[in-house]
Amino acid sequence: MNQPSQNSTKPESDSPGLKQSAPLEETANNDESTNASPKRSLVSGSNFDRSKPDNKNASTMIDVRDVNFYYGDVQALFNVNLTVPEKSVMALIGPSGCGKSTFLRTLNRMNDIIDGTRVEGTIKLENQNIYDPTIDVVALRSRVGMVFQKSTPFPKSIFDNIAFGPRLSGTTSKSKLTEIVERSLQQAALWDEVKDRLSDSAMALSGGQQQRLCIARTLATNPEVILMDEPASALDPASTARIEDLIFELRKQYTIVIVTHNMQQAARVSQYTAFFYQGRLIEVGPTKELFTNPTEKQTEDYITGRFG
Amino acid sequence: MSNNRGEFNSKINSRHRTSKLFELFCLSAVLLALVVLCVLLFSVISKAWGWVDVDFLTSHHSRKPEDAGIKAALWGSLWLILLTGLFSIPIGVGAALYLEEYSRKNRLTTFIQVNLSNLAGVPSIVYGILGLTVFARMFDMFPGEQQSVMTISLLITDLSIPLPFGPTLITGAMTLSLLILPVVIISSQESLRSVPPSLRHASLALGATEWQTIRSQVLPAALPGIATGVILSLSRAIGETAPLLMVGAASFITATPGGIDGMGDILTNPGSLLEVPFSKYTCMPMQIYNWVKFAKVEFQEYVTSAGIVVLLGVLLLMNATAVYIRMRFQNKIQW
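So the protein lines, in turn, are chains E and C. Oh and the first sequence: position 39 is 39 in the working numbering, straight run, nothing missing. Convert by adding 308 to the 1-based position in the second sequence; the result is the number in the working numbering.
Hints were generated in silico from the structure; no laboratory data involved. If you're wondering where the values come from, they're calculated on a predicted model, not measured in any experiment. Any given hint might turn out to be false.
[Claimed, not checked] Covered stretches of chain E, going by a simulated chain C footprint (3 or more residues, C-beta under 8 Å): (1) 145-157; (2) 161-173; (3) 212-218.
Glycine residues also receive a C-beta, built at the ideal position from the N, C-alpha and C atoms.
Chain E on its own, in the form it takes in the complex (with noise of 0.2 Å):
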């Protein structure tokens, strides 16, 4: 069983097979204007080699170091140390304005759009600071792809639809386009359906088509991580199911995150769970030990529906 990060405040929670995170003392009181404490800066010096995945071939793909993150004057997030191995799935829970969407736009830099936003920390993808300031975002977004909660297919064909990110970066050969088209839609699971009417308009699609129309044409980007904003939100329970397939697909090649508010769905396809509250990351584990045994009195408080 390989680990995600920990920033473990016990360094006794080292036991193995249970290295959940364990932001205790600031958390525990639920004191909001605690900024991060100096606690927890020490320790993640000294826990930090012994939480990263350390069996399986599965290397680190993402690496997230001390970060803060400031709308303006409000943080947002304290203190996250986490890694995703790579080809699983993390699935990011916690209440409503936790923080868990806002850290996951950290991670293909989506954030920096927003004005007055800051960032503290580094953000490692395969060992590169992706808040480095060499780093070219237009570059980094192609590789780390990401879904949003409301599909958004664009005003365009189901063709264009997917060949836009193809597009961006100078394919234009029709066959070689054609081609991706095709096996991002077969990836997406949704070649069959769709097939025949390439040159209609997205939009005309029913919602689980237009959401998993969005996630084919983040694969046609050939992206190493998939970012997924509460992909099944706003979905039935077929399409959800469908959706929840499809990840559980994908993982065999990519790198998932994904921001849930249904445990059930966290449960059902993610490796690993993170679990945020009044951004900070309380806990996080490998989804089934984080469900069913969380050493936090508050993931345990969450899970169990007793908040949030």
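Since chain E is already given, all that's left is putting chain C on it; use the hints.
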């Protein structure tokens, strides 16, 4: 309970009456506007009847009312609008794109925004004075009785640019551009703002640059709105008299700008196109304004009306174009 019901319904008749009264008020407002418009159109058209014909469109002004035509003014107006569009569309849409898509909200952009709204409300005569100082006279930087002429040698012909511009088409077009720019910018901003942000986010998240996002997502979606705003602004410009009076549109002129009377002239002498911006000119509102001042009653009554009908006709054509562009592009975007 039943008592409460009764209390609640006791005024129901008067409430319905008030509602009906308001509907009547709105209806009469519409009817009043319609009646005024119809009376206006009827009086103008009935006077112009028999006066608007091909001859009217193709002859120059004459002392005899029955020979007088609007040719110079019609061509002048068309060139004026073309040039005004050439100046104001790239600048206006560019400014709107910068303000909406690139700039971050700060004190400077707020200041610009407030002043755009203020500029949109400035009377047109003020723009006339501005145009006179800046374009027609160029701050008197070129003293002397004689106009200086800057000659640029192009491949087929020489381009002579009078400095300062003086009372030429380019002065008029630049002045009108300044006049409509605030409105063009504001209406373009409005239609850019109506493009859902999710479209931009989706495009950026796929690794598009700002320009690629604007080019392939934002502009196509905003284009119908932008085109409508631009054409309505140009329609306003075509009817303007006051600023052109200031920058010296000619009262009477018997030559079309660049001497171009039709496509044939452009083909046989393409160089004349370059002369157009630096020609003396007049335009339809000016021509109409001058006819009204004539002593002969035929000019005051019939020739004027005929001119107004032509002006209205051009306006209607432009507005129809706006509708057409709007529909065409909306169909192109497959919402």
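Hints versus structure:
1. Taking a C-beta to C-beta cut-off of 8 Å, the region 145-157 of chain E contributes 9 residues in contact with chain C, enough for the three needed, and the coverage statement holds.
2. Counting residues of the region 161-173 of chain E whose beta carbon lies closer than 8 Å to any beta carbon of chain C gives 4, which meets the minimum of three for the stated coverage.
3. Three residues within the 8 Å Cβ limit are the bar, and the region 212-218 of chain E against chain C gives 3, so the coverage statement holds.
Going down the numbered hints, you'll see the structure goes against none, and every one checks out.
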